[in-house]
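Each chain, letter by letter, is given below.
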Amino acid sequence: MAAEADMMEASGPAIDPMYQFTLKPLFGEGPIHWYTPTNATLWMGIAVLAIIGLLVFGTRRRAIVPSHTQSVAELAYGFVYQMVRDVAGKEGVKYFPYIMTLFIFIIFTNFLGLIPMSFSVTSQIAVTAVLAVLVFVSVTLLGFYLHGVKFLGLFWVSQAPLALRPVLAIIEIISYFVRPVSHSIRLAGNVMAGHAVIEVFASFAASALIAPIAMVGIVAMFGMDVLVAFIQAYVFTILTCVYLKDALHPSH
Amino acid sequence: MEGSIVEMGKLIGAGIATIGMGGAAIGVGTIVGNFLSGALRNPAAAASQTAMLFIGIAFAEAFGIFSFLVALLLMFAL
Amino acid sequence: MTTATTEAAGHAAESAAGMPQLDISTFPNQIFWLAVTLVLIYLILSRIALPRIEAVLAERQGTITGDLAAAEELKQKAVEAEEAYNKALADARAEANRIVAETRADIQAELDEAIARADAEIAARSAESEKAIAEIRASAQEAVKEVAVDTAKEIVAAFGVKADARAIAAAVTQRMKG
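Residue numbers (this note's numbering), protein chains in the order written: chain A, 1140 to 1391; chain B, 95 to 172; chain C, -11 to 166.
In isolation and in its complexed conformation, chain A is listed as follows (with noise of 0.2 Å):
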């Protein structure tokens, strides 16, 4: 690890693309128990804040004719209502307020981790492969409840062959474990890597020589990171409905 420190130090960046991703008690120093508030959890607290402010606080007027804010969040409720709407049916409507969570929290985590000095939660692979799990755990669950024994039928393509059913059954299979780790591998790596990027762009314009590119780099990387957080909330959403909408009608 010696070697490691070196090599940051002699042939890596000044600056360390990962370090704005540490966790970091809020008071004082120390390790971080269970219970320890830091940086993730103050900016968690923001987001919630923030939900409180627009969804709360901006409608509180429950005008006929709405005010900005009111108008956003009735835009976010219709965006995600929509959402569940068409892609999960009519049956996915009752679970609209689990999956409006999951948007609301990730698109605020996502956009309040874009403020410069800021921490993103949604980059920690923990926070997102708790969501994805989440996801998944109660959407099996939910499947087996539902439909009993025969969800398993969601392995069993009965369009194909019968020769080809046992091979098809194992990729379902395999696909199936998989969508939790590609769910929350997506979230956190988009977000990691585009706040990865500015700060490898930044470091690069500690040079007088290349900072005007560098500063220019940072700025499309920024924008890009914008379209990227709504994006990112946007698919997570949208996968979780397409999951919940298999569990509603597993038949193939």
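Hint data in this document are derived by calculation from the structure and do not stem from the laboratory. Be careful, since some hints might not be right.
As the list claims (entries may be wrong) - Output of the computed footprint for chain A on chain C, the stretches with three or more beta carbons under 8 Å from beta carbons of chain A:
1) 13 to 24
2) 32 to 41
3) 45 to 59
Glycine included, C-beta positions come from ideal geometry on N, C-alpha and C.
Chains B and C: place on chain A using the hints.
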């Protein structure tokens, strides 16, 4: 510059792993290109398929992110 | 992934300088606070925000539907009013036509009567005049006949022929007829 050969191997491996992101780029390009050509043929049906477009992009992109992750793991974690 | 993560995390736990995401000692902390956050957000959404937005949207939908219905009703009323107006207009026109026809018939009748009267008068007058003309012509013919008989008598006498007055008169009458 006196890192071990292991360090060199890691960095080279990380560099090679990032080639995988090119595949993801090709995949995303294919998806969006085909979506666009389909949408230009039948613009009325395009709006209803944007969700599928994003799902496809997400799947294609996930593998690029995997290779990026492998690169990161090689560089920092192993 | 899970095995890879744990393995990698095992390495990373030794060095905080690696990927901080894989530092497994921070996982319980993050998971705990994430759970707290998610429960909080879920409660806020399901208890306050979502019912409220739903109510607002439903109310707006209701208002829009109500307004549309009212507009439809008003439009219906306007159509009815226009129909009533058109009907009144048609009635008035029919009445006017009737009055015009009546008046025209009256006038025609009066006119016919007057023409008939005038025709009768004219007929009477012309009959009178014809009679007068006929009388005048008859008297004139008589006079001409006398003159002609006299003249013929004189001419015959001048020729030295003694003629019977009656024969001359008969000849003259015959000539005048032819």
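Hint-by-hint comparison with the structure:
Residue count for the stretch 13 to 24 of chain C with a Cβ under 8 Å from a Cβ of chain A: 12. That meets the three needed, and the coverage hint holds. Counting residues of the stretch 32 to 41 of chain C whose C-beta lies closer than 8 Å to any C-beta of chain A gives 8; at least three are required, and the coverage claim holds. Counting residues of the stretch 45 to 59 of chain C whose CB lies closer than 8 Å to any CB of chain A gives 4, so the stated coverage by that chain holds, three being the minimum.
Checked against the numbered hints listed earlier, the structure breaks none of them; every hint is satisfied.
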